[in-house]
Structures are given as structure tokens and as C-alpha cells.
Amino acid sequence: MTASPTTLGALQGVAAAFTDAGQTSTGEAVLFWVLAPLMVLGALGLLLARRAIYGAMGIVFVMISLAVLYIAQEAPFLGVVQVVVYTGAIMMLFLFVLMLVGVDASDSLTETLRGQRWVGVIFGVGLAAVLIAAVTRVTYPAPTGLAVPNADSNPVGVARIIFGDFIFAFEVVGVLLITAAVGALVLTHRQRLTRRIGQKERSDSRVARLGQGEHLAPLPAPGVFARTNAMDVPALDPYGEPIGRSVSRVLRVRGQEREFEEFAAGLDDEEGGGTVGVPLPPAGAPGETTGPTTTITTGRGSEVQP
Amino acid sequence: MSALLSSSQLGPVPLGPVQLGAVQAAQSGVTADFSQDHVGIWILKAVAILVFLLTTVLLAIWFERKVVARMQLRPGPNVHGPFGLLQSLADAMKLLLKEDITVKAADKFIYLLAPMISVFCALLTFAVIPFGPNVNIFGVSTPLQLTDMPVAVLYILGVTAIGVYGIVLGGWSSGSTYPLLGAVRSTAQVISYELAMGLSLVSVFIMAGSMSTSQIVDSQTQIWWALPLLPAFVIYVISMIGETNRLPFDLPEAEGELVSGFMTEYSSMKFAWFFLAEYINMVNVSAIATTLFFGGWRAPWPISAINDGMFNEGWWPVLWFLVKMWGFMFLFVWVRGTLLRLRYDQFMKFGWKVLIPAALVWVVSVAVVQGVRQFTDITLQTLLIALGVLVVIAIGISFLVPEKDRTGPRVHGGTVPPGEFDAFAAGYPVPPLPGQTLPPSPRRQRVTAAAPVGAAPEVTDTETEVERG
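Protein chains in written order, with UniProt numbering: chain R, 1 to 306; chain E, 1 to 469.
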């Protein structure tokens, strides 16, 4: 941890100030001293983590710990809402975006804004100076606790403040958020230029193209278990002809479909047709496989092999 | 099981003394009386909840398999133990002893962390669920509830929201396509359905005047909220099925599309944790539905009237609570046995365009009614009559609005003139739509032409065939 001794000293001072006023119980102090260093580590994780997900997890950890501290300080409503809103909704959206960006995306280190690093460092140092100055010099009045505002339970107290003293600010924030949401909707809205093609239209067009090689029923399964136990052998139609579509499109594109001729030749052999071809493998002993023993064309990849 | 226990014992314990202390300081707004509790009682209750949840999961798996089997006219598990009761125990043992495979592409740390988050958060919910009123445990009068706080139901929503991280991170860290898709789906699903769920709960908060579970149960002494708040209850039941990723909303693990979604790459104990979390979550949402809408531990009406409420005291309420909770568990299984999985876009459309607006409208109307009752002298009766009149007027006006004409038969986007109908026009035989008539069968003409005399029975046969379509 690279936190400077002054920061730690300041934190110690804060904790001591509360303890001296007699308002902080031992349990709360222990909780603070366990959680605070971990939270600092989590916050540093956001800065230093190479992968974006670890950064996000760092924030999640800090948020939850913060909520625990709120609850310990008699503000259960704030703590729980912090978890529901920030951890449950907002960070979840961040994660959503991170996952959509890519499974393995790590930050690009090329800077698009020139000199932003130095500006950032200057502002960071300035902020740190202000914070340290404020934390070390400020004098605290004796803490009064939340017993009076929490008299009718904490949510009621919060409601009185929000919907009583700060109702105007609350409404303004609400209007702002709704404006933002509507603005996002308007900016991302796309005018539909063509007719929407839904499931109904698709099925209609398939029926219309029925004569031109379109089929309504699901594709036939490959000839698995009919004569072989491989996926790459096409099924047979009632006339004994191979159905090419029954083999997976992926196998067909890769050229891994098994040649039907060799297979058909074996069929004819069995039925006494007399066509010269690859004979069917002999039946194995019980418990032994009689899988294909012929060379299978497995596409371009197989050519390099001996 | 030892690994499982040691991890899950973390459940309510870290929240123990510190948080409970805070809760007791803010005890106003909570009906249950925890004043006599001490550490021993806390530990006892926490362990009891843990044992309860784990055994309930074992039982729930057996229950689900058995009930679904009965619905599909087969016996279900019936080999191990009486009625196959030990089947899920055997399955759990098998999972424990299986080889634990860690995928090479996985992000090791998060891959291990994800199932832990899932189980851990699933275990937290029951800390605030009331099983019953105050009873005597070792001479201490204490409610059958680990803890309660003025924001208990929000706390439940919070830990559920964190539990989703288990699913999302599990899917991401597997380093594989199907789990990632499952995780992305689950994120979208939870965000959409949690909104509707939260809104449906708000009307209960408004009516009960509290978010503490014990006080909500207490407010249902007269009437269970499921009756006056029926729309909210229906919305909650739908969204609770969506939250737990169960059929018909099990898109994150749709086995036909995504193998098994976010847990595809998990095996052995880590898979078992996800499995455990899923079933505990089922129990959780059932318990919440019971507490918020079905009167919690209160006895159903005819029983509650017996002997001056004798069955609402002591240990009896645990029975009512469990009966109601298992009723919801049965509902889960019933829905699973009945409904098909939704398509993804249908599912999203349903959540955003039906559930959330409906929940919003309902919350606003409940708030308005409560506000009018609170700030004016109008009695509930007058208010309800006024509302009834309003609804009748609205329905009357809706009759005056001309309906959209959706009756015209449409084929390929165009309208077919009524009367003419060619069954093979599109190259595929289809029955006539309303307004169209089938042309006389060519076969019938052939039959009458070939045998004009003495072929009457055959003609009638074809006639009925044509009529039948």
C-alpha cells in the first residue's frame, strides 16, 4: 500500500476524535479498522488493475464496504439503498458494457489526449493537498448521534428530510434524470425506413419460397445411428438418396462432410448390390466399437498430416 | 459437505454483532422484540436457518422431480430411500466426489469467487424472514427471526442484487462463449425484472407503512395483502420467477440454446454451489412472497379464529409459514411443468412493456388512494365507490372508441378478397381463413360424374369431409 504516513495519521486522528467523544463503540472501531484498509486496497485496485473487470470488482467491494459502514453508523436506509442502486444497478450496467466490449479487453495504453497524464497528476496532487489540509485542520463539534432523527425509524427520518426540507432539490434532480433518459432515447432512436420483418413475415416468405428449395419443416437429422455413428454422414430420403442438408452447415462449409459414395457403396455391398467400394467394417465383439475405419476427408487441415 | 458448510457458515455470521448492534440502536419501526437476545441466541438462530435452508434444498430438489414426474405421468425418483427421498442426497454426494475441472481459459480467481458469491448472498436473505412471533428458547423470549430492521425488504433486494454478480462473473470468467452469453442475458434479465419486482413491493410498503418484515406481517392481521393488492401480487409472482431464472424465464441457462448458460464450464463442487444457490433463491422468493403477501406466519382465516387465536401463538406459526412457502414452491414446479420457455425478445418486451408499466400504474393508484385517505376525511367506502364509478365510466368510454380493424384476412401482407380461395396459392396447402370459402372439391365432381346413380353414400361422405375442412 502506497498511502502516505500522513494520510494514515489523519485517518487515525479522525477515528480517535470519534472515540474520544464517546460515540464510537469498540465494535464499530474494529469494523472501521478492518474495512478501511481493505477499501483503500479496493480503490487502488481500480487504478492499478490491468483488466477492467478487476477494476469493476474493486469498486463493487468499496461500495459494499461503504454500505456496511453506513449501516454501522445508524443509517441503514442509506447503506441498503447504496447497495441496491449503485452495486445492484449501476455497476451491473458497467459490467454489462465491459462484457459486451470483449472478454479479454484490457486498456489501451496509447494516449489520445496529449499531456493529460500531467494535468491529471497536477489535479490529483492538488486534491490530495486540499483533502489532507481539510482533514487535519478541521475541528469537529461533539457528535450528537442519530437518535433524534431516527426516533420514528430511519427511513421515516430520511423521508422527512428529502420530502420536507429538500423537496425542491429532489424534484429538480428528478427532472434532470428524466431529461437525461429521454435525451438518450431521442439521440439513439432510429427511424424505421423499411417495414419491420417479424416472425410472421419470415414464415410467410418461407411458405412463398416453398417451390424454390425452401423447406418448412426442420432440417432432417444426419444419418447418425442409421448406418454409422458419425455426424458427418448424410441421412437418406425414402428413395435412398442422400440428403446433403442433413449434415451440419459448419461441417459442409469446412469440407468435412463425408463422401456419400463410399458410404453408399458399403450399403450396396451389404444388400448384395455388388458395387465395388469400401466394405463395411466387420462386426466387433460385444463391448468393442465398430466405428468407421475408412479414411475420412477432414478438410484442409487434414492435408498436411501424413 | 464440509467445504460447503464452512463456506456457507460465513453467511449470517459476519453481519452478526456489529450490524445487530446498529439495528438494535435503530429498533424503532420494527415490531419484533429482540430486546432479550444475546450472542448465544443469535448463533443458534443463524445455525438453525442454515440447517433449515440446506435440508429444504435437498427436499426441494426431490419435491420438484417428484411433482414434475407426476405431472408427466411417470413415477420420478423412487429407488433411494422411502419414496426416493434420499435421491438428492446421493446426487449431492456424487457432485462432491466428481473431478473438479478448471478450464484453461478461465480467469482463475473470479472463476472460483463467482459460485461463492452466489451461495453467500442466497444464504443472507433468510436473516430477516420471520418464522413466527415471540417464543421461549432456553428461557429467553425471542422472535423466530434472526434480525429485523426498518429497511429489511430493501436489504433483501440488495443481497439479491449482489447475488447476480455470481452469475455474471461466473459467465464472464469461464472464458467461453456460451457462459458469456448466459451471463449477458442474466444481467439484462435481472435489471429488467428487479424493477418490476421492486415496484410491486412498494405498494405493500405503502399499505403496511413499513419496510420491516415483522411489521409487514403484523399489518396483515386483518387481511392478507394478496387480496387488496392483487395486481402487485401477480406482478411479484411473475417477476420472482424471472429473478430465479426458472422456466419459463430460464434464458440464462437455456439448455437448448446455451448448453447450460453461465454454469456450462463449472463442474463438481463449484457447480453444486451454483445449483444450491439457485434452489435457495427459490426458497427465498417463496418466503418473501409468503411474508409480504400471504400473511407471513399468520394462520389462514378459519384456523386463526379458533380459540381466540390459539394457532397464531407459540410454535404453531412455523407450520403455517412452511405450508404457505411450500405452496409457492409447488407453484414454481407447476409453472415449470406447464409453460414453455419464452423467446428472448418476447421476454424483454413482456418485462418492459407490460410488467413495469403495470406495476407503475398500480403503485401510483395505491399511493393516490392512500393519500386521499390520509389527508382528507373521505372514508374508504366512499372512496372505493367513487373508484368503482370511475372504472365503469372508463369502460363505457372505451366502448365508444372505434376498434382497430384487425379482422381482415391477411396473406403475405395483402388482403385476400373474400369468397375466392386457392388452398395451394402459396404452394403449401392451408385451410381457409375466416371470410373465405373452400371451392367445391374436385374429387366430388369426379365422383358424381363417374357414378351418377347409386353413389349417394360416397357423396355424403365427401360432403362431410369438405364441411369439416
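Just so you know, these hints were derived from the structure itself, not from any lab. Glycine residues also receive a C-beta, built at the ideal position from the N, C-alpha and C atoms. Among the hints, a few may not be true.
[Stated by the list, open to error] Some chain R residues judged to face chain E by a derived CB distance under 8 Å, without partners named:
| id | residue |
| --- | --- |
| 1 | LEU100 |
| 2 | VAL101 |
| 3 | PRO155 |
| 4 | HIS215 |
| 5 | LEU219 |
[As the list claims (entries may be wrong)] Cross-link-like lysine-lysine pairs, in silico, DSBU-like; alpha carbons within 35 Å at most:
| id | chain 1 | residue 1 | chain 2 | residue 2 |
| --- | --- | --- | --- | --- |
| 6 | E | LYS404 | E | LYS66 |
| 7 | E | LYS108 | E | LYS98 |
| 8 | E | LYS404 | E | LYS349 |
| 9 | E | LYS404 | R | LYS200 |
| 10 | E | LYS94 | E | LYS66 |
| 11 | E | LYS98 | R | LYS200 |
| 12 | E | LYS104 | E | LYS94 |
| 13 | R | LYS200 | E | LYS353 |
| 14 | E | LYS98 | E | LYS66 |
Handout entry: Cut-off 8 Å, beta-carbon criterion: hint that LEU100(R) touches chain E
Key = This interface hint holds because 7 Å falls under the 8 Å limit.
Exercise for the section: Compare the distance between the alpha carbons of LYS404(E) and LYS66(E) with 35 Å, and conclude whether the hinted pair is satisfied. Expected result: violated (47 Å)
Practice task
Take a quick look at whether LYS404(E) and LYS349(E) sit within 35 Å of each other, Cα to Cα.
Solution key: holds (22 Å)
Handout entry: Hint validity - PRO155(R) Cβ closer than 8 Å to any chain E Cβ
Key = Holds - the Cβ of PRO155(R) comes within 8 Å of chain E, reaching about 5 Å at its closest.
Practice task
Take the C-alpha atoms of LYS200(R) and LYS353(E), compute the straight-line distance between them, and say whether it is at most 35 Å.
Solution key: Roughly 20 Å between the alpha carbons, so the hint for LYS200(R) and LYS353(E) holds.
Exercise for the section: Quickly compare the C-alpha distance for LYS104(E) and LYS94(E) to 35 Å and report which way the hint goes. Expected result: It holds: about 24 Å lies between the C-alpha atoms, which stays within 35 Å.
Practice task
Compare the distance between the alpha carbons of LYS98(E) and LYS200(R) with 35 Å, and conclude whether the hinted pair is satisfied.
Solution key: violated (47 Å)
Problem - Pair hint outcome, LYS108(E) versus LYS98(E) [Cα-Cα no greater than 35 Å] - result: Answer holds: LYS108(E) to LYS98(E) is near 19 Å, not above 35 Å.
Practice task
Go through the hint on LEU219(R) and say holds or violated, using the shortest Cβ distance to chain E against 8 Å.
Solution key: violated (15 Å)
Exercise for the section: Measure nothing beyond the straight line between the CA atoms of LYS94(E) and LYS66(E); if it is 35 Å or shorter, mark the hint as holding. Expected result: holds (20 Å)
Practice task
Report holds or violated for the interface hint on HIS215(R), using the least CB-CB distance to chain E and a cut-off of 8 Å.
Solution key: Violated, because the Cβ-Cβ distance from HIS215(R) to chain E comes to roughly 11 Å (cut-off 8 Å).
Exercise for the section: Decide if the proposed pair is consistent with the structure: LYS404(E) and LYS200(R), CA atoms, cutoff 35 Å inclusive. Expected result: Cα-Cα ~19 Å, so holds.
When each numbered hint is compared with the structure, violations occur for hints 2, 4, 5, 6 and 11.
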